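Participant: Below, each chain spelled out in residue letters.
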Amino acid sequence: MNRLRWLLSAALLVGAGVSQTTLAATGPYWQSKDAKDTESYVKVPMPAGIQVIETELEGPVFATAEGKTLYTWPLGNLRNGNAGDRRNSGVSTCDDTIYKETSGYMSPYPPGFLLPELETRKSCEQLWPAVLAPADAKPVGKWTVVKRKNGQSQWAFDGYPVYTSSLDKKAGDVFGGTNALSGGAQGIVRQPIGPPPDVPPELDVVPFRTGHMITTYKGFSVYASDADAPGKSNCTDKCLSDWDPVIAPQTAKTKGDWSVVERSPGIKQWAYRGQPLYTYVHEKKARAVTGSDNPGWHNVYTQRALPPPADFTVQDSRIGQVLADKDGKTIYIYQCNDDALDQQTCDHPDSPQVYRMAICGNFDPNVCNATFPYVKASPGAKADSSLWTVVTIDPKTGKWAKPGDAGAMQVWAYRGRPVYTYGEDLKPGDANGDNYGEFNGQRNGFRAYWVRDDYRNNNVGRTANDR
Amino acid sequence: MKSNAVRMMSVAGSLLAASVTVALSTASAQPVPLQEGGGALKDRRIGYVMTHKYWAVYETEGAKTECPQGFNDGPREQFKKLFDDGKKRSIVEAQLKREGEQWHPTTAPESFVFKEAQGNTSYGLNLDGKVGPEDFLSPEGEKGIDNQLYRVIGCIGHYRTMGTINHFENLFMRSYDDTRIVIELTEVDSLKNDDAVVVTTYRGSDGLLQDATGEGFIPGGTQRIDMRWGKEYVSKLKGKIVDGVLITEPADRVMLPWGVTFGTSGYHVFRGFELKLKLDPEAAEGLMAGFVDVKAFNHHLNTSWSTHHHSYGQLSSPSQYKAMMRLADGYPDPKTGKNTAISSAVKVKFTQVYVQQPEQKELVSKQ
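Listed in order, the protein sequences are those of chains A and B. Residues in the first sequence are numbered consecutively from 19, following the working numbering. Residues in the second sequence are numbered consecutively from 26, following the working numbering.
Everything labelled a hint here was simulated from the structure, so no lab data went into it. All figures in this text were calculated on a predicted structure; none of them were measured in a lab. There could be a bad hint or two in this list.
[Unchecked claim] Below, a list of computed lysine to aspartate or glutamate pairs in the EDC-like style, where the Cα atoms sit at most 20 Å apart:
#	chain 1	residue 1	chain 2	residue 2
1	B	K372	B	E240
2	A	K118	B	E118
3	B	K386	A	D311
4	B	K122	A	E135
5	B	K320	B	D277
6	B	K386	A	D244
7	B	K112	A	E119
8	A	K303	B	D231
9	B	K386	A	D334
10	A	K188	A	E72
11	B	K256	A	D334
12	A	K302	B	D231
13	B	K386	A	D260
14	B	K113	A	E119
15	B	K391	A	D311
16	A	K256	B	E384
17	A	K302	B	E384
18	B	K374	B	E165
19	B	K391	A	D244
20	B	K122	A	D382
21	B	K391	A	E301
22	B	K386	A	E301
23	B	K301	B	E212
24	A	K417	A	E135
25	B	K113	A	E135
26	B	K105	A	E119
27	B	K122	A	E119
28	B	K391	A	D345
29	B	K320	A	E442
30	B	K67	B	D214
[Stated by the list, open to error] Simulated coverage check for chain A against chain B, where a stretch passes if three residues somewhere in it have a Cβ under 8 Å from a Cβ of chain B:
#	stretch
31	117–128
32	335–341
33	380–390
34	456–464
Yeah, the Cβ is synthetic: ideal placement off N, Cα and C, and Gly gets one too.
Can you build the whole structure from these sequences, using the hints too?
Facilitator: Take a look at the structure:
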């Protein structure tokens with residue numbers, strides 16, 4: 019019935035010219051697979067055996083000699099307590115303990131309930147192997163050494179012990195965590211670490227799911243114009259009533275991707291990869307993309323992710339645009355962190371599925387698969403982006419399956435986790451499943467894949483200060 | 026956007042106009058001519074932006090009349106009653122069981138007693154034009170008031186004056202522009218008496234003009250209408266103004282933005298939507314009412330607030346859902362005949378604003 023309603027609604031909208039459907043891959047959010055843009059970074063001292071590798075979503079990250087991405091687990095506060103590693107404490111709280119009960123960190127539920135799949139539950143250090151340092155290791159730059167409970171030495175960066183993730187299988191994988199704007203009360207998560215981006219002090223880089231956007235240090239987006247020539251601004255007179263040049267200090271010098279355009283004697287403007295930079299004077303919200311609605315003007319990124327599956331679309335929704343499947347149904351990401359002291363993720367088919375099953379179907383897989391269906395992939399489908407893969411799932415259990423297994427489905431996954439649509443989205447652009455689950459979908463639930471949000475500072479779900 | 030100087034002039038103009046209005050009102054009960062709205066009523070149109078909204082709950086001192094048995098239990102109290110017996114349980118048997126029930130509620134009976142609001146007085150409007158046995162009497166003595174939602178929420182602390190939804194829904198409405206509700210009255214000849222006006226609902230996209238106290242709102246601001254993402258929030262209502270009170274005819278379906286925080290951007294849909302607002306050139310105040318779909322209301326509650334937040338004001342989402350379904354009084358399901366929607370009312374306040382329609386220009390993201 020919902021399918022019929024969906025088709026009718028979609029047909030009516032298309033007929034009325036209401037739906038704004040764009041094939042995602044051709045839209046403005048991603049860089050083409052042929053683009054070679056990568057983010058420049060500041061070379062920082064590193065211990066032997068640590069390297070910097072380029073990744074599609076996170077940009078440059080620190081990695082082991084084998085290419086495994088490095089993470090830290092900074093202390094954070096939950097409703098009823100803190101979890102994670104305390105900065106400069108000299109110890110790691112991620113050890114060999116196998117926690118059996120909930121911690122009661124997330125109000126309103128008290129502690130002491132048995133965690134699921136205890137017989138196979140792993141310890142924190144099994145999931146997050148420590149990056150060990152030689153016994154005689156000495157501090158290097160921001161790298162220091164902490165002692166583990168078993169006496170081993172472990173590298174720490176910026177005061178936090180450093181780990182790899184058991185979810186990362188090959189060089190360039192960053193499946194253990196992301197710095198892309200997302201989250202909120204999603205538990206105390208692990209963060210990939212890397213060298214700082216090479217940007218002037220007046221500017222900053224903000225990580226999104228679609229790329230690393232350049233903003234001013236106050237968070238306002240910067241733009242480039244097609245009307246400019248490399249190293250030369252053609253925005254004068256009336257143009258300046260809408261666009262403010264990003265002024266560079268007198269001491270600014272050309273370095274790497276950054277150069278300086280002299281607008282008039284003594285007035286310097288920053289340029290990135292030859293493009294003079296501006297802010298859009300009508301923008302009142304940080305991290306906005308509204309300036310790019312003016313023909314010929316674009317937000318500026320150090321690097322962007324590659325396009326999602328070719329038949330995915332972008333749809334207009336109530337506060338901006340969402341990523342959607344080929345039929346225009348909004349894509350949802352499932353987020354989950356358990357309530358144990360080691361804050362294990364439960365958003366992955368490797369982890370217990372009872373959390374998701376409770377939310378999407380009150381433990382009934384059929385209800386679950388109707389409420390938040392998987393996004394089926396066409397046979398042989400492949401995305402340009404390494405972030406999007408086709409995986410085989412047993413929809414009854416939510417766990418991995420093998421191709422050909424009875425009932426197994428080939429579905430799209432983002433960062434190794436299946437994605438979903440929502441059964442009660444009745445027309446393209448509906449995002450009714452957003453915030454569905456514990457703590458508005460952040461803790462154990464579903465969040466719409468927003469690619470543009472004109473109202474909430476493009477937080478696309480990140481509400482760290484809103485708890 | 027208006028400059029501060031223009032705003033100041035508008036405010037001054039409005040204040041002057043208000044003074045004139047008061048003087049005219051005192052002097053005569055005759056219809057006030059067009060200029061009584063001063064600069065605010067221009068080209069037969071005037072806009073208002075919502076600054077306050079409260080699900081209408083009629084409260085007596087100490088809640089003795091409407092909640093003689095006290096208030097309802099919330100998630101913490103219910104969880105304790107269910108699971109605080111010393112027995113070791115898994116998270117599936119306790120926390121996730123309760124979350125599952127919350128996200129997939131049923132009308133099956135539960136062990137908790139639900140305390141409905143008592144008495145026959147309630148705020149609201151007569152939505153069906155009838156006077157029935159379940160209807161309320163308004164505090165002003167009007168019969169036939171339809172507000173069965175009040176029966177449900179009247180004894181839930183969350184919705185009462187000191188309740189958290191009451192507080193936070195307003196705080197966040199003021200904080201986030203995507204929740205900006207604007208109405209514009211057009212074809213207005215007089216704000217005192219006019220037998221035919223048109224009311225259009227919109228989403229505005231600008232902040233509110235707060236006064237120096239941070240508590241009050243200043244008329245004369247500008248709201249740019251969001252026709253890029255907010256088209257679904259546009260509805261047209263027919264209405265009239267009688268003795269300074271705007272009364273609209275029921276509109277079949279009106280959708281209003283109702284996001285809160287935590288990255289939420291939800292909305293409410295009212296069926297049979299009506300407005301009854303006392304108007305003046307600077308403000309409007311009164312009721313908006315209609316039938317809310319029970320499932321949609323519950324969905325909004327769960328996706329906008331977490332169980333933790335429900336606990337602040339002893340709001341059990343599964344219990345509330347059962348009560349709403351039990352007391353639903355409108356829009357019966359054509360197949361089952363069971364009512365799917367419940368009559369409701371919201372106390373609202375608006376401040377005058379100038380409505381600015383967007384320029385029709387080419388947008389890259391529309392291509």
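Participant: If a hint holds in the structure, say so; if it doesn't, say that too.
Facilitator: Hints and how they fare:
no.: 1; hint: B:K372 with B:E240; result: 17 Å, holds
no.: 2; hint: A:K118 with B:E118; result: 15 Å, holds
no.: 3; hint: B:K386 with A:D311; result: 10 Å, holds
no.: 4; hint: B:K122 with A:E135; result: 16 Å, holds
no.: 5; hint: B:K320 with B:D277; result: 18 Å, holds
no.: 6; hint: B:K386 with A:D244; result: 19 Å, holds
no.: 7; hint: B:K112 with A:E119; result: 14 Å, holds
no.: 8; hint: A:K303 with B:D231; result: 11 Å, holds
no.: 9; hint: B:K386 with A:D334; result: 17 Å, holds
no.: 10; hint: A:K188 with A:E72; result: 13 Å, holds
no.: 11; hint: B:K256 with A:D334; result: 11 Å, holds
no.: 12; hint: A:K302 with B:D231; result: 9 Å, holds
no.: 13; hint: B:K386 with A:D260; result: 15 Å, holds
no.: 14; hint: B:K113 with A:E119; result: 10 Å, holds
no.: 15; hint: B:K391 with A:D311; result: 8 Å, holds
no.: 16; hint: A:K256 with B:E384; result: 18 Å, holds
no.: 17; hint: A:K302 with B:E384; result: 18 Å, holds
no.: 18; hint: B:K374 with B:E165; result: 19 Å, holds
no.: 19; hint: B:K391 with A:D244; result: 19 Å, holds
no.: 20; hint: B:K122 with A:D382; result: 12 Å, holds
no.: 21; hint: B:K391 with A:E301; result: 19 Å, holds
no.: 22; hint: B:K386 with A:E301; result: 17 Å, holds
no.: 23; hint: B:K301 with B:E212; result: 18 Å, holds
no.: 24; hint: A:K417 with A:E135; result: 13 Å, holds
no.: 25; hint: B:K113 with A:E135; result: 16 Å, holds
no.: 26; hint: B:K105 with A:E119; result: 18 Å, holds
no.: 27; hint: B:K122 with A:E119; result: 16 Å, holds
no.: 28; hint: B:K391 with A:D345; result: 18 Å, holds
no.: 29; hint: B:K320 with A:E442; result: 11 Å, holds
no.: 30; hint: B:K67 with B:D214; result: 10 Å, holds
no.: 31; hint: 117–128; result: holds (count 6)
no.: 32; hint: 335–341; result: holds (count 5)
no.: 33; hint: 380–390; result: holds (count 3)
no.: 34; hint: 456–464; result: holds (count 7)
The structure agrees with every numbered hint stated previously.
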